[in-house]
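Once you have looked at the hints, place chain P on chain G.
2 protein chains.
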Amino acid sequence: MSKTLLHGYFRSSASFRVRIALNLKGIAYEQASRHLRKGEQRAPDFLALNAEGLVPALEIDGNVLNQSLAIVEYLEETRPAPALLPKDAAGRARARAIAYALSMEIHPINNLRVLQDIEKRFGADQKAVAEWFRHWVVTTFGPLETRLAREKETGNFCHGDAPTLADVCLVPQVFNNMRFDVDMTPYPTIARIHKACMELPAFADAAPARQPDAE
Amino acid sequence: MSKTLLHGYFRSSASFRVRIALNLKGIAYEQASRHLRKGEQRAPDFLALNAEGLVPALEIDGNVLNQSLAIVEYLEETRPAPALLPKDAAGRARARAIAYALSMEIHPINNLRVLQDIEKRFGADQKAVAEWFRHWVVTTFGPLETRLAREKETGNFCHGDAPTLADVCLVPQVFNNMRFDVDMTPYPTIARIHKACMELPAFADAAPARQPDAE
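Chains as they are written, first to last, in my numbering: chain G, 148 to 362; chain P, 148 to 362.
With the rest of the complex left out, here is chain G (with noise of 0.2 Å):
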């Protein structure tokens, strides 16, 4: 069998994802660190393997895959147990959802070459980057807090009472907010979820802090 190999950054959130479900899954796999700040992800070796520049990708089974969900849905394919998605359709729609409102109504808005991009274009500060990035958190958080405490899907998780894909794009987010001072006082069903997953080593070893590269 091949090896598994994640390219990534300890503090890049979609690696973070994919690390958590690799690991929930009990897959093996090696790191290779690319570090953002450095732009090692534009080096030629790394763009040869994903033209997109941008952490993380994944070397496993003779594939070379890329987009962290993309990832996870294909481990999910490719290695069923334990399931990170429900068995029933609805509820799959359920969990993709929320793991959608995070991926896509905060984080691309949120990541670090946008929080460049706008000191650099328009001149934001520490303290306007941070408005930035809390007010992105919050137009979604809200409303995530709203659907979490509202349906009766929610269990100890997002969906029910084992991890899915939706926790595992909760946790990197929650753990990005703590770095921009995020107040989670309206968001008790999120901070409750996001420490259930935190009692998991799969979620653990997952943090940044803990990886290889961390600084």
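Be careful, since some hints might not be right.
Since copy identity is lost for identical chains, a pair holds within one copy or between any two.
[Said to hold, decoys possible] Okay, derived cross-link-like pairs now, DSSO-like style, lysine-lysine, Cα gap no bigger than 27 Å in a straight line: (1) K299 with K234; (2) K234 with K150; (3) K150 with K299; (4) K342 with K299; (5) K342 with K234; (6) K172 with K234.
Keep in mind the hints are simulated off the structure, nothing from the lab.
Leaving out everything else, chain P in the frame of chain G:
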């Protein structure tokens, strides 16, 4: 069988994606327009259905689904033919990765609420907004063109010779680009695939100008 009802907006590219998928799968549906510039997506009756207050939402099979890509995956799971994802796991990962490059790296940063926000927050004028829009398109379209041009899996469409989730995301982005005068000359493969899609009634009929709420 209960009525299938799409809550959307003619110009919303996430709604456009769902219209294409419904058409490709031959699912009859009605539309309820939620005018984004008038804030109709934040009306109490809609928030009761979809706490996020974003279009699209789809009422189908007694469920209310949200997040365009979660809806498309649901349609794929419940109405597998014609397939919108390849059969093999690696192919599915590739189609999803292309879809996510479009729907996670470009669209969230360029959607209406972010454009309105940079106007208000940073005083961006119409020219600056257009530059912002084009910057995020070019950042992803360059690598995407490289990928589509160099990988043998690319066919008449993004993946093979039938439309997939990748094309469902590609066409609305190219439509949006036209509104901001993105030069498509550097992207001949993308332009070719867009043209092939628009020759299919499923795509053409989903276009913004053909919707009942078009202005």
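Against the structure, the hints:
Taking the shortest Cα distances, K299 and K234 sit within 27 Å of each other inside one copy (16 Å), while across copies they are farther apart (34 Å). Taking the shortest Cα distances, K234 and K150 sit within 27 Å of each other only across copies (24 Å), while inside one copy they are farther apart (30 Å). For a Cα distance limit of 27 Å, the shortest separation of K150 from K299 across copies, 24 Å, qualifies, whereas the shortest one inside one copy, 41 Å, does not. Proximity of K342 to K299 under the C-alpha cut-off of 27 Å is restricted to the intra-copy arrangement: shortest distance 20 Å within a copy versus 45 Å between copies.
When the C-alpha separation of K342 and K234 is checked against a cutoff of 27 Å, the pair qualifies only within one copy, where the shortest distance is 25 Å, while the shortest distance between copies is 37 Å. For a Cα distance limit of 27 Å, the shortest separation of K172 from K234 qualifies both inside one copy, at 17 Å, and across copies, at 22 Å.
Checked against the numbered hints given earlier, this structure breaks none of them.
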